[in-house]
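Take these sequences, add in the hints, and give me the full structure.
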Amino acid sequence: MDIVSTQQRQKIHPHKFTLWVAIGSILMMFAGLTSAYIVKRNQANWEGVETPSAFWLSTATIVASSITMHLALRAFRQREMRRYRSLLIVTLVLGLAFVALQYVGFRWLWDHGVQFRGAGAGQFLYVIAGLHAVHVLGGVVALAVVFGRAFLGRSKNYNVVPVEVMATYWHFVDVLWLYLLVFFVWIG
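For the sequence shown, the positions run 1 to 188 when my numbering is used.
Simulated from the structure, these hints should not be mistaken for laboratory data. All of these numbers come straight from a predicted model, not from anything done at the bench. Glycine is no exception: its CB is placed at the ideal position from the N, C-alpha and C atoms. Take the hints with a grain of salt, since some may be wrong.
Stated by the list, open to error - Label-pair distances were calculated between CB atoms; the ranges are:
| # | residue 1 | residue 2 | range |
| --- | --- | --- | --- |
| 1 | S53 | V160 | 32 to 40 Å |
| 2 | G24 | R74 | 21 to 29 Å |
| 3 | I23 | I187 | 18 to 26 Å |
| 4 | L33 | R117 | 17 to 25 Å |
| 5 | R107 | M28 | 24 to 32 Å |
| 6 | Q115 | V63 | 25 to 33 Å |
| 7 | Y103 | A31 | 23 to 31 Å |
| 8 | W56 | G113 | 16 to 24 Å |
Have a look at this one:
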């Protein structure tokens, strides 16, 4: 005879589960890249790189976008759809501004002789920060889908899961960038 628990089992939504698997995979990729950076840094011909000031500005931008995403999620939960839509617009613009500022930082590096030659931090900085920017762009695309649904009226059923998934991913790329910036400044 089986004993059945009277408590209902809490299950994670499949989209949230998929997101956490993706986050775990992305974390492992960046852990591998930053570990390789540490190993290569100990080579005799290693050349360090100054962190572009545009990266600091992009950091402020992505932190601000994380705040607006959090406020958008809260507005959605409170069914304040006008505020939700406005905050999504701001988050989307800030996400695009982050990527644009990353490009400005890459141009500054290139103009200061940090290119894909020699042995140094430059190559790692381009690859690691570039991969992060690609993940932010992926988030911008997902945010645009959520944004489109908000303006096409498909959010009227108040299904919070897509917005929660988007907010979680957005906060993840924010925290990941903070880690990467600290890593390059402190370790680099």
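Hints versus structure:
1. S53 <-> V160: 32 to 40 Å: holds, 38 Å
2. G24 <-> R74: 21 to 29 Å: Check passed, 26 Å falls within 21 to 29 Å.
3. I23 <-> I187: 18 to 26 Å: holds, 22 Å
4. L33 <-> R117: 17 to 25 Å: holds, 19 Å
5. R107 <-> M28: 24 to 32 Å: At roughly 30 Å between Cβ atoms, M28 and R107 fall inside 24 to 32 Å, so the hint holds.
6. Q115 <-> V63: 25 to 33 Å: Between Q115 and V63, where Cβ atoms are some 29 Å apart, the hint holds.
7. Y103 <-> A31: 23 to 31 Å: Holds, since Y103 and A31 (Cβ atoms, about 25 Å apart) stay within the stated range.
8. W56 <-> G113: 16 to 24 Å: Cβ of W56 to Cβ of G113: about 20 Å, so the range 16 to 24 Å holds.
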